[in-house]
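Listed here are the chains, written in short residue letters.
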Amino acid sequence: MRFSYYAGCSLHATAREFDLSTRALCSRLGIELAEIPDWSCCGATAAHSTSHLLGVALAVRNLALAEAQGRDDVLVPCAACYHRLVTAKKEMAENPRVREQVLKVVGHKFTGQVRVRSLLEVLAALDTEHLGSRVVRPLGDLRVACYYGCLLVKPPAVTGFDDPEHPQSMDRLVRITGAEPLDWDYKTECCGAALGVANEQVALKLVRDILEAALQAGADCLVCACPLCQSNLDARQSHVNRAYGTSLKLPVMYFTQLLGLAFGIGERELGLDTLFVDPRPALAYGSAKKA
Amino acid sequence: MARTGVFVCWCGSNIGGVVDCAAIAAQAATFPGVAYSVDYKYLCSEPGQNLIIQAVREHRLDRVVVAACSPRLHEETFRKVLVRAGLNAYLVEMANIREHCTWVHGAEKERAQQKAVDLVRRAVAKANRLEPLFESSIPVTKRCLIVGGGIAGIQAALDVADAGQEVLLVEREPTIGGNMVKLDKTFPTLDCSACISTPKMVAVANHPNIRLYTYAEVEKLTGYIGNFEVTIRQKARYVDHDRCTGCGTCWEKCPCKVPAEFDVGLGHRKAIYIPFPQAVPNKPVIDREHCRYFTSGKCRVCAKVCPTQAIDYGQEEKIFTERVGAVVVATGFGLFDWSRVYGEYGYGRYPDVITGLQFERLVNAAGPTGGKILRPSDGNIPRTVVFIKCVGSRDEAKGRNYCSRICCMYTAKHALQVLEKVPGARVYVFYMDVRAAGKGYEEFFQRAVREGAVYIRGRVSKIFRDGRRLVVRGVDTLLGRPVEVDADLVVLATAVEPAAGAAETARLLGVNTDRDGFFQEAHPKLRPVETHTGGVFLAGACQAPKDIPDTVAQASGAAAKVVGLLSRDQLSTSPMIARVNEVLCTGCFLCVPVCPYRALAPKKISERLPGHPLREREVVTVNAGLCQGCGACNAICRAGAIEVRGFTNEQLLAEVDALCL
Numbered sequence: 001m002r003f004s005y006y007a008g009c010s011l012h013a014t015a016r017e018f019d020l021s022t023r024a025l026c027s028r029l030g031i032e033l034a035e036i037p038d039w040s041c042c043g044a045t046a047a048h049s050t051s052h053l054l055g056v057a058l059a060v061r062n063l064a065l066a067e068a069q070g071r072d073d074v075l076v077p078c079a080a081c082y083h084r085l086v087t088a089k090k091e092m093a094e095n096p097r098v099r100e101q102v103l104k105v106v107g108h109k110f111t112g113q114v115r116v117r118s119l120l121e122v123l124a125a126l127d128t129e130h131l132g133s134r135v136v137r138p139l140g141d142l143r144v145a146c147y148y149g150c151l152l153v154k155p156p157a158v159t160g161f162d163d164p165e166h167p168q169s170m171d172r173l174v175r176i177t178g179a180e181p182l183d184w185d186y187k188t189e190c191c192g193a194a195l196g197v198a199n200e201q202v203a204l205k206l207v208r209d210i211l212e213a214a215l216q217a218g219a220d221c222l223v224c225a226c227p228l229c230q231s232n233l234d235a236r237q238s239h240v241n242r243a244y245g246t247s248l249k250l251p252v253m254y255f256t257q258l259l260g261l262a263f264g265i266g267e268r269e270l271g272l273d274t275l276f277v278d279p280r281p282a283l284a285y286g287s288a289k290k291a
Numbered sequence: 292m293a294r295t296g297v298f299v300c301w302c303g304s305n306i307g308g309v310v311d312c313a314a315i316a317a318q319a320a321t322f323p324g325v326a327y328s329v330d331y332k333y334l335c336s337e338p339g340q341n342l343i344i345q346a347v348r349e350h351r352l353d354r355v356v357v358a359a360c361s362p363r364l365h366e367e368t369f370r371k372v373l374v375r376a377g378l379n380a381y382l383v384e385m386a387n388i389r390e391h392c393t394w395v396h397g398a399e400k401e402r403a404q405q406k407a408v409d410l411v412r413r414a415v416a417k418a419n420r421l422e423p424l425f426e427s428s429i430p431v432t433k434r435c436l437i438v439g440g441g442i443a444g445i446q447a448a449l450d451v452a453d454a455g456q457e458v459l460l461v462e463r464e465p466t467i468g469g470n471m472v473k474l475d476k477t478f479p480t481l482d483c484s485a486c487i488s489t490p491k492m493v494a495v496a497n498h499p500n501i502r503l504y505t506y507a508e509v510e511k512l513t514g515y516i517g518n519f520e521v522t523i524r525q526k527a528r529y530v531d532h533d534r535c536t537g538c539g540t541c542w543e544k545c546p547c548k549v550p551a552e553f554d555v556g557l558g559h560r561k562a563i564y565i566p567f568p569q570a571v572p573n574k575p576v577i578d579r580e581h582c583r584y585f586t587s588g589k590c591r592v593c594a595k596v597c598p599t600q601a602i603d604y605g606q607e608e609k610i611f612t613e614r615v616g617a618v619v620v621a622t623g624f625g626l627f628d629w630s631r632v633y634g635e636y637g638y639g640r641y642p643d644v645i646t647g648l649q650f651e652r653l654v655n656a657a658g659p660t661g662g663k664i665l666r667p668s669d670g671n672i673p674r675t676v677v678f679i680k681c682v683g684s685r686d687e688a689k690g691r692n693y694c695s696r697i698c699c700m701y702t703a704k705h706a707l708q709v710l711e712k713v714p715g716a717r718v719y720v721f722y723m724d725v726r727a728a729g730k731g732y733e734e735f736f737q738r739a740v741r742e743g744a745v746y747i748r749g750r751v752s753k754i755f756r757d758g759r760r761l762v763v764r765g766v767d768t769l770l771g772r773p774v775e776v777d778a779d780l781v782v783l784a785t786a787v788e789p790a791a792g793a794a795e796t797a798r799l800l801g802v803n804t805d806r807d808g809f810f811q812e813a814h815p816k817l818r819p820v821e822t823h824t825g826g827v828f829l830a831g832a833c834q835a836p837k838d839i840p841d842t843v844a845q846a847s848g849a850a851a852k853v854v855g856l857l858s859r860d861q862l863s864t865s866p867m868i869a870r871v872n873e874v875l876c877t878g879c880f881l882c883v884p885v886c887p888y889r890a891l892a893p894k895k896i897s898e899r900l901p902g903h904p905l906r907e908r909e910v911v912t913v914n915a916g917l918c919q920g921c922g923a924c925n926a927i928c929r930a931g932a933i934e935v936r937g938f939t940n941e942q943l944l945a946e947v948d949a950l951c952l
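Note that the protein sequences, when read in sequence, are chains A and B.
Here the working numbering is used: the first residue of the first sequence is 1, the next is one more, and so on.
Here the working numbering is used: the first residue of the second sequence is 292, the next is one more, and so on.
These are calculated hints, taken from the structure and not from any lab test.
Each residue gets a CB set at the ideal place from its N, CA and C atoms; glycine is no exception.
Check before you lean on any hint, since a few could be wrong.
[Stated by the list, open to error] The list that follows gives simulated cross-link-like pairs (lysine-lysine, DSSO-like), each with its CA atoms no further than 27 Å apart: (1) Lys205(A) - Lys609(B); (2) Lys154(A) - Lys753(B); (3) Lys154(A) - Lys544(B); (4) Lys609(B) - Lys589(B); (5) Lys544(B) - Lys595(B).
[Claimed, not checked] Distance windows between CB atoms, simulated: (6) Val549(B) - Glu32(A): 54 to 64 Å; (7) Thr128(A) - Gly639(B): 21 to 31 Å; (8) His52(A) - Leu952(B): 38 to 48 Å; (9) Val774(B) - His52(A): 47 to 57 Å; (10) Thr128(A) - Lys511(B): 40 to 50 Å; (11) Val549(B) - Ser247(A): 25 to 35 Å; (12) Glu775(B) - Ser247(A): 49 to 59 Å; (13) Asp807(B) - Thr111(A): 51 to 61 Å; (14) Cys951(B) - Gly107(A): 47 to 57 Å; (15) Asp669(B) - Ser133(A): 51 to 61 Å.
[As the list claims (entries may be wrong)] Here are a few chain A residues that sit away from chain B, every Cβ distance over 12 Å (derived from the structure): (16) Gly30; (17) Gly70; (18) Val106; (19) His108; (20) Leu131; (21) Arg134; (22) Pro156; (23) Ala157; (24) Pro164; (25) Trp184; (26) Tyr186; (27) Ala213; (28) Gln216; (29) Ala217.
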């Protein structure tokens, strides 16, 4: 399998470990990634909330470059990037006025043929047995809360690869590692990352609710597929503890890191050491339970 | 040459205020075939009608054109006028210069005048070619088929039978009673649903004019108004109902437990069962799918314990054919399956999120909990109950566009029942609007509010689990802020939708369905119980969501129509139906599948052409009882062999020529 790879800005900075673990995982699975040359911002958050045209144009620029690269599908790990790219593609197909404007602004040829696929969607579509055969270090009965966030599976008319209210794709992948995905109700709740700067009080409450729901369901750790969710849920735990007098300490990892561990990839290669809440005690505990 | 009279009506100022009727009449006098023309203020009035009769006699007119309103309104009136004038009723043609002209072109008087003249010219061209038509008569079989044994079917059956006509009542479940007998109490009077419906069920069973077919379905309906033939398939019950006394030993001893349909999955029944204690007939059937004998070949416990040897594992389904003159469709409703689409309410994964019908069984003294309101998950008494209305109703994105009409009232009733049965209980109702338009309904809703039900205007966005409780998160649109309610039990008012298999029933009975799948009445206001198929009537929620009072009223209405039909010995049929020119018909039968009334069928004729021996071939034939004169066959016939009387090709072409040449 070959993909045009759109990592986006997060994966080159705060979410480096998502990029590392994605590349490590893909190389083991024989998925070839070619980063889109001269890629730019996807238009998330700042751009699309101030100018609709800018939000679409930035995304389309990247898709046009991917088309020029000559590969069929664009692989996007980041949920926000993924959401922007699929939304823009749909907008171009359905809104001729916007399409005309955007093509003028972007100045590249864009046919709309290119498919945008989220990393989660691609991995979940792989053969379960094929993935299972790669597992060299089963994760015991580690109890994992899979957190999809708001952008990956909603709105279904745009994303559409999993159920918008009760998604299962990440749960299926986690089950392959031998860990136990939990049935809990906050899978698609907003984590408040976008309000983290503007109105932190709101974000703190949302983070607390999600983490407490995961703990109540019995989670040893939480996995997600979005750099914004990950940093928000991981780094803000100490703020939450200060604000609410709680003592939350729940490891928040990327699902790619969890899969990578099960595939026997080294902790450093997966960037496990860069997380705020150290997941290693929980992982050791998971293996210990099994032993 | 025809001698046609043209009569232009002012309809007060409706027509006369826009166009110059006298000028239209004067111009009409110059059209070919017109022997006389005149205008008048109100032609449908008594003096107006007499004016036409007098003119026919004085000027020896043999065709009449009335330029006035829509033929749907007054064509019948003027046909009667022609009969009084001594002419055939079908020699009148109407030019609709009101709805088609002055009402819509009031702002452009000159062009309206021109259009009115054109419409009259068209009508004259057709009138000149009209032929006298004659009605024929068909006999009536004095027996009525009623499909569906819910409260609608029961009421219709009793009314028709009381009027002295014979009734066949077909019900697909093992008992009649439908949805109403599952309910606990009925709004707004709170009388016990079973107490008012089971006596009617017994009356049906005992009525000398009613024959009951339970556990049976209509398999085929052929024929036409007054002369239907119905095929009924009765499923094998594996119990000989002539021998069975309904003692109950078999279902006490049966070792197989199955979730009970009657309790909407909340309770259990046995594999040999009666759905509920007052079932009619009060004799069991064996559910072959779950019966241990049928699934594993061993058991036969019921046969061993039966004191009358009524168990018959070898019983086979029975087919009955009957002739009937009228049909009442009363197949009722089903409930929207919320668990398929409402992921935010848990896709049915939370046992304490139930539907309104399940709540009815919970609160019913004969239900699985003996009338105690208990949580399905742990059997505890819920202290806080949240009701969510419009689950699937008025929801274009996930459910149906329409309002289900009954939910506001039964939710108010449920709220009252919780407050009454659980002391200190808290009740919250999330609603979009409260629609309480019915006798005593608003007062009933206000009573629920007075007794302590908290109504929150807004939608619920999500239900979470919080340990053993549920958290209902929604928005209060009156306060303009989000709300969260901790609940022990959540009750969803799910949308009313057509009964399972309604589309198949419609096809079988030749009834149209509306965009939502409910059966289509002939006219939404003036023919609410008739269908477009003559002799087939509608009753109850199969036509649209309805509460019990409206259902019973419509059932009695349908019964009145049936009795009116069956009281006649013969029916006259409209002559404006298709006619086949057998010489031209090639027997391609393209017309047969396009006929929406199934009125066309092949038949054999023998014909002798000069110089050829006698030969047999097939042509199409029209069933005068079924044909409604729609003209679909006329349009598809390649040989031009089918015409509709009153709309012949010659007449239509004359109209086109008059307008376009």
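Here is how each hint holds up against the structure:
1. For the hint pairing lysine 205(A) with lysine 609(B), the CA-to-CA distance comes to about 66 Å; that exceeds 27 Å, so the pair is violated.
2. For a cut-off of 27 Å, the pair hint linking lysine 154(A) to lysine 753(B) stands: about 15 Å separates their Cα positions.
3. The hinted pair formed by lysine 154(A) and lysine 544(B) fails the criterion: a straight-line CA distance of about 53 Å is larger than 27 Å.
4. For the hint pairing lysine 609(B) with lysine 589(B), the CA-to-CA distance comes to about 26 Å; that is within 27 Å, so the pair holds.
5. With a C-alpha separation of about 10 Å, the suggested pairing of lysine 544(B) with lysine 595(B) holds against the 27 Å cut-off.
6. Valine 549(B) and glutamate 32(A) have their C-beta atoms about 55 Å apart, which keeps the hinted 54 to 64 Å range intact.
7. One distance hint, 21 to 31 Å for the beta-carbon pair threonine 128(A) and glycine 639(B), holds here, with the actual separation near 26 Å.
8. A hinted range of 38 to 48 Å is violated for the C-beta pair histidine 52(A) and leucine 952(B), which are about 57 Å apart.
9. Checked against the hint of 47 to 57 Å, the C-beta distance between valine 774(B) and histidine 52(A) comes to roughly 32 Å, which is inconsistent with it.
10. For the hinted restraint 40 to 50 Å between threonine 128(A) and lysine 511(B), the CB-CB distance of approximately 49 Å keeps it satisfied.
11. At roughly 50 Å, the beta-carbon separation of valine 549(B) and serine 247(A) lies outside the given 25 to 35 Å, and the hint is violated.
12. Taking 49 to 59 Å as the suggested C-beta distance range, the pair glutamate 775(B) and serine 247(A) does not conform, at roughly 24 Å.
13. At roughly 41 Å, the beta carbons of aspartate 807(B) and threonine 111(A) sit outside the given window of 51 to 61 Å.
14. A beta carbon spacing of about 55 Å between cysteine 951(B) and glycine 107(A) agrees with the range 47 to 57 Å that was offered as a hint.
15. For the hinted restraint 51 to 61 Å between aspartate 669(B) and serine 133(A), the CB-CB distance of approximately 43 Å leaves it violated.
16. The beta carbon of glycine 30(A) is kept farther than 12 Å from every beta carbon of chain B, the shortest such distance being approximately 35 Å.
17. Listed as a non-interface residue, glycine 70(A) keeps its Cβ farther than 12 Å from every Cβ of chain B; the least gap is roughly 39 Å.
18. The beta carbon of valine 106(A) is kept farther than 12 Å from every beta carbon of chain B, the shortest such distance being approximately 33 Å.
19. The beta carbon of histidine 108(A) sits about 36 Å from the closest Cβ of chain B, which is more than 12 Å, so the claim that it is off the interface holds.
20. With a least beta-carbon separation of about 26 Å from chain B, leucine 131(A) lies farther than 12 Å from that chain, consistent with its non-interface assignment.
21. For arginine 134(A), the non-interface assignment is confirmed: its Cβ lies about 31 Å from the closest Cβ of chain B, beyond the 12 Å cut-off.
22. The Cβ of proline 156(A) sits about 10 Å from the closest Cβ of chain B, inside the 12 Å cut-off, so the non-interface label is violated.
23. At roughly 10 Å from the closest C-beta of chain B, the C-beta of alanine 157(A) falls inside 12 Å, breaking its exclusion from the interface.
24. Listed as outside the interface, proline 164(A) is inconsistent with that label: its C-beta sits roughly 7 Å from the nearest C-beta of chain B, within the 12 Å cut-off.
25. Not every Cβ of chain B is farther than 12 Å from the Cβ of tryptophan 184(A); the closest lies at roughly 8 Å, contradicting the non-interface assignment.
26. A beta-carbon of chain B is positioned within 12 Å of the beta-carbon of tyrosine 186(A); the least distance is around 7 Å.
27. Interface exclusion of alanine 213(A) from chain B breaks down, the closest Cβ pair being 7 Å apart, not more than 12 Å.
28. With a least beta-carbon separation of about 7 Å from chain B, glutamine 216(A) fails to lie farther than 12 Å from that chain, contradicting its non-interface assignment.
29. Non-interface status of alanine 217(A) relative to chain B is broken: a Cβ of that chain comes within 12 Å, the nearest being about 9 Å off.
When held up to the earlier numbered hints, the structure conflicts with 1, 3, 8, 9, 11, 12, 13, 15, 22, 23, 24, 25, 26, 27, 28 and 29 and fits the remainder.
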